[in-house]
Amino acid sequence: MSEGIVYWLQQTLNALQLGSIYALIALGYTMVYGILTMINFAHGDVFMIGAFFCFLAAVYLGLPFAPTLLLTMLGAALLGVAIERLAYKPLRHAPRVSAIITALGVGIFLENFTLALAPYPKNIPALLENITWDLGGVSLSSLQVIIILLSLGLMFVLDYVVHRTPVGMAMRAISWDKTFVPLMGVPLDLIISITFAIGAGLAGAAGTMYALAYPVIDPYMGIMVGWKAFISAVVGGIGNIRGAMIGAFILGGVEIMVTAFFPSTYRDFVAFTLLMLLILVRPYGILGKPRTQKV
Amino acid sequence: MAQRWLLPALLLVGFGLAFAIPEYNLLNKYVQLVMMYVGINIILTVSLNLVNGYMGEFSLAHAGFMAVGAYTAALLTQKVLPVAAYPGLFPLAVLAGGLMAAVLGLIVAVPSFKVRGDYLAIITLAFLMIVKSVIENIDTIGGPRGIPGIKKLTTLPWVFFWTVFSIWVVRNFVYSKYGRGVLSIREDEIASDLMSVNTRRVKFLAFMVSSFFAGIAGALFAHLLQFISPRVFDIIKTTDVLIMVYLGGIASIGGSILGATVYTVLLELLRPSTVAAMLAWLPAVVFDPLNEYFIRHLGVWRMVIMPLLLVLVMLYWPRGIMGLREFRWFIPKRDLEAHHRQPAHGGNHGVAHGH
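Chain order of the listed sequences is R and V. Counting in my numbering, the first sequence runs from 1452 upward without gaps. Counting in my numbering, the second sequence runs from 2 upward without gaps.
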C-alpha cells in the first residue's frame, strides 16, 4: 500500500476510536434533552467521575477489565439518578434556565469535589494486555478494537432498547408529551430516572474507555470532552439518538484529520467554525427535524 | 422630592471615596483589590443580564468578548500608546477594547436573527472557542503564552466610573423604547414583530451594548491582573459570570449588582487567610489548630462550597435572589406610577420558556 493510504487508514482508525467515545457521551446529552428538553451540563463531569470510578476499581479493588467496566457503569448510573432526583426534579416546573444553571453548578461541584479528594492527576494501570497488529503498515491495537467494538455494541443495545422495547416506547412517548402520557399509566418519574441511568451509565463506560486509551486522568478532563460530546449531539440533531452517534463520528473525524494535516492547535478553530456554519445552514442538525413554530 | 438630589450626592460621595481610599490608604490593599474585582464583575454581570435576562437568550460568549477587550487594550498600552509618559491615555485603550468587542458582537448578533434558544447558545459557545483558538494561534500576540507584564493602570476611580457608567447605560437602555423591544422579544418574538418592533435593530443594539461592556471589563481586568492568556478567558470564566447573573436574578439590575457582589465577596471570605483574620480574636489554643486546618483544607473546599450554594439557591429561588424584581431606585418615576395604577407589568410569565 502506498504511504498516503496507510496514513489515511491509520487516522481513520484513530477517528473511529475518538468518535466512539464522544458518541457514548453524546447519547446521554441527547436522551436527556429528548425527554426533558434540558441541557444536562453536568454530564461531562459524570464521564469524568466514571474515569475515577475506573481508577478506584482497578487500583484499590484490583479488579480486571470486565468487572471494572460493569462497576463503573453501575456507579455512574447511580450518580446520574441521584443528580436527577436531588437537583433537577424539584426544578421540573421552574424556568428552563434555572435547571441549566443548576446543572452547571452540579458539574462544577463534581469537578471541585473530586479535586479536593484527588489533587493530583492519577495514572490508570493497564487493565488489558495490549497487542498491536501490523496490517500492511497500519498498526491496530487490541485496545482500539475493544473500544470501537464495545462502543458500537452498547450503541446497538441502546438503539434496540429505545426502538424495540416497552421501556423505550415509554421514553419516546414521554419525550412527545409529558401531560397525557402519564395519564395512560406510564410512570413519568421512573422513566426519567431510567433515562438518566442509561445516559450516565454510557458516560461511565466512556470514562473507562477514555481512561484506558489516555491513561492520565484529572478532575477537569470532563469539561472539554463534555462540550465536544454536546456539540456532537447538536450536530446530529439534539434529541435524536442516531443523530448523536453520527455527529460524534463526524466530530471525531474532523478533529483527527485537522490534527493530522494541520498544526494541532488549529483543531478547535476548525471544529468550532464548522459547527457554527452547520448551525447557520441547518440549525436542527443533520438528522433533526425543524420544529414548526406556533404563533 | 428628596430622592432628586440623593442619587447625585451618593455618586459624588462614592467617587470621592474611590479617589480617597487609594490616596490615603483608608482600606488595606487587599480590600481595595477585592473592591475593584467586585466592580469589574458588576460590569460583566449587568451587561450579560441584558442579553441573558432581559432578552431571554442564553449567551455563553461573554468571556470571548472580554478576551477581545483585554487583548486590544493590553496591546495598545504595551505597543502603541505611550501610557508611561501619559497615563491619561489609558481610558482610550479601555474604550478601544470595548469598541472592538462591540464590533465582534455583531458576529453573534447576526446569527441571532435566524437562530434562537439552545442553538444560539451553541453559536455563542462556538464564538468563544474560536476567539480563544485564534488568539492561541497568533504568535505575535503571545499565542498560548499570553501577554505578561501589563502595566497596572486600573485604579479604583476608573473601576468606579465604568461600573456606574455601565449600570447607567444598561438601566436607561432597558427602560427606553428599545428596552421595551428587548423585553417583548423575550416574551414572544413573533408577536413583537407583528407589533412593529424592529427586532433586528433591537437585537443588534442589545448584543453590541452587552459585548461593549464585556470588552471594557476585560480591558480593566487585564490592567489589574497584569497578565492575560487565552486560558484566562475560557468557558470557566463565562460560567462564573453566568452564575453571578442567575444568582442575582434575571432581568434585574439590582439583582446583578447584588449577585456579582455576593459571589465575589463570598469567594474571598472563604479564603483561608480571610477566615483566619476574622477568627483572630479567638484565644491561641483554639485559633492555632483551626487556622492550621483551614490553611490545609479550606483552599480546595471553598470551591466545593460555592457551586453547592448555587444549586441550593436555584432549588429554593429558581429565579435568583432578585429575579424579575427591581429595586425602586432603578425604576423610572413614570413606570412606578404606572405600576401603582395597574399591577402586574412585565408579569410573572415564564421566562425563557419553550421557544
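Among the hints, erroneous ones may be present.
[Claimed, not checked] Part of the chain R face toward chain V, derived, beta carbon under 7 Å:
id: 1; residue: 1538
id: 2; residue: 1559
id: 3; residue: 1560
id: 4; residue: 1563
id: 5; residue: 1564
id: 6; residue: 1569
id: 7; residue: 1571
id: 8; residue: 1572
id: 9; residue: 1583
id: 10; residue: 1586
id: 11; residue: 1666
id: 12; residue: 1685
id: 13; residue: 1720
id: 14; residue: 1726
id: 15; residue: 1727
id: 16; residue: 1730
Just so you know, the hints here were simulated from the structure itself, not pulled from any lab data. On a predicted model such as this, the values are computed, not experimentally measured, just so you know. The beta-carbon is built from N, C-alpha and C at its ideal position, and this holds for glycine as well.
At a threshold of 7 Å, is the proposed contact between residue 1730/R and chain V supported by beta-carbon distances? holds (5 Å)
Does residue 1685/R hold up as a contact with chain V if the rule is Cβ-Cβ below 7 Å? Holds, about 5 Å.
Restraint outcome when residue 1538/R is required to lie within 7 Å of chain V by C-beta distance: holds (6 Å)
Interface hint compliance - residue 1571/R to chain V, C-beta minimum distance less than 7 Å: violated (12 Å)
Quick check on the hint: residue 1583/R CB to chain V CB, less than 7 Å? Status violated, d = 33 Å.
Please check whether residue 1563/R passes as an interface residue: C-beta within 7 Å of a C-beta belonging to chain V. Hint on residue 1563/R: holds, closest Cβ of chain V at ~4 Å, below 7 Å.
Under 7 Å is the threshold here; is the Cβ of residue 1569/R close enough to any Cβ of chain V for the hint to stand? Not OK, violated: residue 1569/R not within 7 Å of chain V, min 10 Å.
Would the stated hint for residue 1564/R survive a check requiring a Cβ distance to chain V of less than 7 Å? OK, holds: residue 1564/R within 7 Å of chain V, min 5 Å.
Restraint satisfaction for residue 1560/R [CB to CB of chain V, less than 7 Å]: holds (4 Å)
Holds or violated: residue 1559/R as interface residue toward chain V, Cβ cutoff 7 Å? Holds. Min distance 4 Å.
Given residue 1666/R was flagged as interface, is its beta-carbon under 7 Å from a beta-carbon of chain V? violated (24 Å)
Can residue 1572/R be said to touch chain V, with a Cβ gap under 7 Å? With a minimum Cβ separation of about 15 Å from chain V (threshold 7 Å), the hint on residue 1572/R is violated.
Checked against the numbered hints given earlier, this structure breaks hints 6, 7, 8, 9, 10, 11; the rest are met.
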